[in-house]
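Q: Chains as they are written, first to last, in our numbering: chain E, 1 to 374; chain R, 1 to 309.
Incorrect hints may have been included.
[Unchecked claim] The calculated lysine to aspartate or glutamate pairs, modelled on DMTMM-like cross-linking and capped at a C-alpha distance of 25 Å, are:
1. K301/E to D132/R
2. K182/E to D271/E
3. K93/R to E80/R
4. K196/R to D171/R
5. K196/R to E362/E
6. K51/R to D67/R
7. K182/E to E291/E
8. K182/E to D203/E
9. K196/R to E291/E
[Claimed, not checked] Here are a few chain R residues that sit away from chain E, every Cβ distance over 10 Å (derived from the structure):
10. R16
11. A46
12. V126
13. A129
14. D132
15. W138
16. P201
17. A288
Rather than coming from a laboratory, the hints here were simulated on the basis of the structure.
These numbers were taken from a predicted model, which means no experiment stands behind them.
Where is the CB? At the ideal position from N, CA and C, for every residue including glycine.
For reference, the chains in residue letters:
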Amino acid sequence: MNPRGRLQPWLALLGLFAMVALPLDSADPAIMIPREGWLGWSVLVATALAIVASIRAEQSGTAGVLLAIAAHLGAFAAISWLPMLAGHAGPGFVALVVTSWLLAWALVSQLSALPPQKGFDATLLRLLIPFLFGLWLLILWQIVVVVLKVPFVLIPPPSAIGARIATSIPTLAADFRQTFLKAVIAGYAMGCGAGFLAAILVDRVPFLQRGLLPIGNLVSALPIVGMAPIMVMWFGFDWPSKAAVVVISTFFPMLVNTVTGLAAAQPMSRDLMRTYAAGYWQTLFKLRLPEALPFIFNALKINSTLALIAAIVAEFFGTPIVGMGFRISTEVGRMNIDMVWAEIAVAALAGSVFYGVVALIERAATFWHPSFRT
Amino acid sequence: MSAAAARRGPVKPPGRLLPILVVSIAIVCIWYVGAYFMNASLVRDAFKRQKVEPTIEQMIAATLAMDRPLLPAPHQIATEIWKTTVDQNITSKRSLVYHSWVTLSATLAGFISGTLLGFLLAIGIVHVASLDKSLMPWVVASQTVPIVAIAPMIVVVGYNLMNGQMGLSTDLSRFIAKAMISTYLSFFPVTVGLVKGFRSPEILHLDLMRTYSATRGQTFWKLRLPAALPYLFTSMQVAIAISLVGAIVGELPTGATAGIGARLLAGSYYGQTVQIWSALVAASVLAALLVWMVSLGGTAVVKRMGMAR
Numbered sequence: 001m002n003p004r005g006r007l008q009p010w011l012a013l014l015g016l017f018a019m020v021a022l023p024l025d026s027a028d029p030a031i032m033i034p035r036e037g038w039l040g041w042s043v044l045v046a047t048a049l050a051i052v053a054s055i056r057a058e059q060s061g062t063a064g065v066l067l068a069i070a071a072h073l074g075a076f077a078a079i080s081w082l083p084m085l086a087g088h089a090g091p092g093f094v095a096l097v098v099t100s101w102l103l104a105w106a107l108v109s110q111l112s113a114l115p116p117q118k119g120f121d122a123t124l125l126r127l128l129i130p131f132l133f134g135l136w137l138l139i140l141w142q143i144v145v146v147v148l149k150v151p152f153v154l155i156p157p158p159s160a161i162g163a164r165i166a167t168s169i170p171t172l173a174a175d176f177r178q179t180f181l182k183a184v185i186a187g188y189a190m191g192c193g194a195g196f197l198a199a200i201l202v203d204r205v206p207f208l209q210r211g212l213l214p215i216g217n218l219v220s221a222l223p224i225v226g227m228a229p230i231m232v233m234w235f236g237f238d239w240p241s242k243a244a245v246v247v248i249s250t251f252f253p254m255l256v257n258t259v260t261g262l263a264a265a266q267p268m269s270r271d272l273m274r275t276y277a278a279g280y281w282q283t284l285f286k287l288r289l290p291e292a293l294p295f296i297f298n299a300l301k302i303n304s305t306l307a308l309i310a311a312i313v314a315e316f317f318g319t320p321i322v323g324m325g326f327r328i329s330t331e332v333g334r335m336n337i338d339m340v341w342a343e344i345a346v347a348a349l350a351g352s353v354f355y356g357v358v359a360l361i362e363r364a365a366t367f368w369h370p371s372f373r374t
Numbered sequence: 001m002s003a004a005a006a007r008r009g010p011v012k013p014p015g016r017l018l019p020i021l022v023v024s025i026a027i028v029c030i031w032y033v034g035a036y037f038m039n040a041s042l043v044r045d046a047f048k049r050q051k052v053e054p055t056i057e058q059m060i061a062a063t064l065a066m067d068r069p070l071l072p073a074p075h076q077i078a079t080e081i082w083k084t085t086v087d088q089n090i091t092s093k094r095s096l097v098y099h100s101w102v103t104l105s106a107t108l109a110g111f112i113s114g115t116l117l118g119f120l121l122a123i124g125i126v127h128v129a130s131l132d133k134s135l136m137p138w139v140v141a142s143q144t145v146p147i148v149a150i151a152p153m154i155v156v157v158g159y160n161l162m163n164g165q166m167g168l169s170t171d172l173s174r175f176i177a178k179a180m181i182s183t184y185l186s187f188f189p190v191t192v193g194l195v196k197g198f199r200s201p202e203i204l205h206l207d208l209m210r211t212y213s214a215t216r217g218q219t220f221w222k223l224r225l226p227a228a229l230p231y232l233f234t235s236m237q238v239a240i241a242i243s244l245v246g247a248i249v250g251e252l253p254t255g256a257t258a259g260i261g262a263r264l265l266a267g268s269y270y271g272q273t274v275q276i277w278s279a280l281v282a283a284s285v286l287a288a289l290l291v292w293m294v295s296l297g298g299t300a301v302v303k304r305m306g307m308a309r
């Protein structure tokens with residue numbers, strides 16, 4: 001086990017000592033956190049138990065469970081005391097937060113040191129560890145923003161963003177429909193389809209391959225979002241102009257990747273096909289396209305995020321009064337930063353789910369590829 | 001089939017110059033035809049209002065010389081670029097060179113800090129197991145997030161913070177806000193590429209280092225880092241192209257008056273199509289130059305290290 005992984009329980013012990021030695025809030029006796037309250041006591045006891053268990057036994061299920069309970073109990077306590085403490089948190093409170101965070105880190109260290117298992121457990125672990133990391137990011141974000149009284153317009157606390165998401169679901173749904181379901185999906189399908197067909201054509205005509213590919217490579221490095229104002233001029237304010245930008249930005253990655261993929265088949269396999277007297281199309285469908293699938297899916301994955309980005313940026317250049325990019329740019333102007341964050345959360349979720357779906361299809365379609373064989 | 005098989009052979013591929021030239025010329029020709037048809041209806045309306053029946057020559061001449069065409073002809077863009085680069089003083093606000101420099105400076109600042117950030121993250125991910133397991137998925141997820149969507153917010157918030165609360169000058173605040181976007185966009189490819197690169201040395205070599213009882217630091221500097229350099233430069237090519245996009249997008253929301261993004265936005269407000277296209281061309285040239293310079297640097301370094309193929 002990583003020797004530095006042993007450090008966190010000891011550091012947490014120091015923090016626990018600070019928590020016991022200091023009242024949780026020394027600034028204002030009127031709102032001093034009652035350590036006698038059940039929450040305060042249980043945090044202290046659970047933390048002590050977890051520290052002892054993790055120091056005594058480096059890796060045991062009990063220590064892990066205790067760490068998890070103590071860290072999140074501490075976080076829960078810290079967040080539930082937050083409203084009383086806003087702006088004047090004492091050293092005791094800081095000790096509480098730091099201790100809980102160190103315990104959580106110890107927990108993550110323990111989890112990531114677990115031997116990689118197969119099947120369900122491994123999947124669970126692979127999801128749990130990043131989930132914990134994200135959760136603690138949110139917890140620390142909330143605490144830091146409230147305690148330091150960071151201005152709302154600068155960074156709103158996650159709780160406010162959550163509340164805003166809950167109250168403006170209809171708006172978010174309308175924006176989602178406009179930007180994602182109309183512009184992104186349509187543009188993605190057309191752009192990837194056209195790129196694929198163009199790649200087949202380029203593959204068939206070697207002259208085009210030598211002439212068009214360098215240009216395609218060049219174009220894929222260009223700032224295509226800049227085409228947005230022109231597309232708005234050509235296709236109007238509504239979603240077709242956004243879809244057009246998406247088509248242009250997804251076309252070239254697909255073209256370049258597919259052409260590379262079509263060249264990936266081994267000469268040996270190709271010769272085999274030739275000995276079978278297979279024609280161009282037979283070789284294409286039975287050998288070269290399957291071999292190209294990893295490359296094609298690579299482009300599909302790149303494009304899934306590119307498409308969303310392109311559609312959102314395109315909306316900065318004029319749009320009807322609905323859409324994610326429109327909402328972001330107008331609400332920024334009105335300093336409703338929580339709405340902006342809510343929109344970003346939706347976009348992030350949509351982007352991740354889109355990417356995840358493509359990745360799942362990829363796994364199902366290219367299960368034979370070395371990168372998935374275990 | 002025989003043609004397909006023949007071109008796959010180990011024969012040295014024929015020159016690329018001619019095909020590229022032919023394709024480029026074809027694109028320009030298609031562009032002219034497209035410009036004619038895109039602008040034809042506008043021109044026809046204009047002639048109708050003057051109650052003139054245009055000849056075909058008049059139509060062609062008019063469609064290719066419109067003030068605000070739907071699709072400007074290549075020579076119009078070329079003239080505009082000539083007017084705004086060569087004919088203008090470089091420091092003039094009308095000069096495209098000046099606007100390009102505004103965007104380029106933010107791009108470079110963001111690219112450098114993004115590369116550094118990506119470097120540090122990659123070192124952490126490779127050496128700390130819990131960071132690998134907990135941070136790496138988020139680094140990957142951060143790419144599935146439409147980062148550019150956050151850009152206007154980072155720009156506006158950062159701009160207000162620096163301009164309003166910290167009292168920095170307007171231009172400097174805009175510059176830092178744009179550089180922040182570029183940083184955010186460019187750290188990702190560098191991190192991912194470097195993590196792959198740091199892990200590319202074979203187990204055999206790592207074991208060899210262990211038999212020398214090399215420390216982690218020594219293994220890093222003498223084995224992992226050199227092995228990662230080709231990956232680093234490939235990633236940097238992606239990163240610099242995307243930081244240019246970041247800088248351009250960063251110019252959209254704060255009402256910037258200088259830079260390629262500002263030119264695009266102003267052009268779209270006032271329907272100045274030629275201005276938009278010339279800004280686009282400037283951005284493309286800039287992107288191509290930047291990528292080319294990075295790849296040149298990469299080739300030089302790799303060759304100097306004796307790793308060139």
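Q: Next, verify each hint and record whether it holds.
A: Results for each hint:
1. K301/E to D132/R: 22 Å, holds
2. K182/E to D271/E: 45 Å, violated
3. K93/R to E80/R: Status holds; Cα separation ~15 Å.
4. K196/R to D171/R: Roughly 38 Å between the alpha carbons, so the hint for K196/R and D171/R is violated.
5. K196/R to E362/E: Satisfied, since the Cα-Cα distance of roughly 21 Å is no more than 25 Å.
6. K51/R to D67/R: Cα-Cα ~20 Å, so holds.
7. K182/E to E291/E: Violated: K182/E and E291/E sit about 32 Å apart, past 25 Å.
8. K182/E to D203/E: Distance of about 31 Å is beyond 25 Å: violated.
9. K196/R to E291/E: 23 Å, holds
10. R16: Given that some Cβ of chain E is not farther than 10 Å from that of R16/R, nearest at about 5 Å, it is violated.
11. A46: Holds, because the least Cβ-Cβ distance between A46/R and chain E comes to about 17 Å, which exceeds 10 Å.
12. V126: Given a closest Cβ separation of 13 Å, the condition holds.
13. A129: Given that some Cβ of chain E is not farther than 10 Å from that of A129/R, nearest at about 5 Å, it is violated.
14. D132: The claim is violated: D132/R sits with its nearest Cβ about 7 Å from chain E, within 10 Å.
15. W138: Violated, because the least Cβ-Cβ distance between W138/R and chain E comes to about 6 Å, which does not exceed 10 Å.
16. P201: 19 Å, holds
17. A288: 6 Å, violated
Of the numbered hints listed earlier, those contradicted by the structure are 2, 4, 7, 8, 10, 13, 14, 15, 17.
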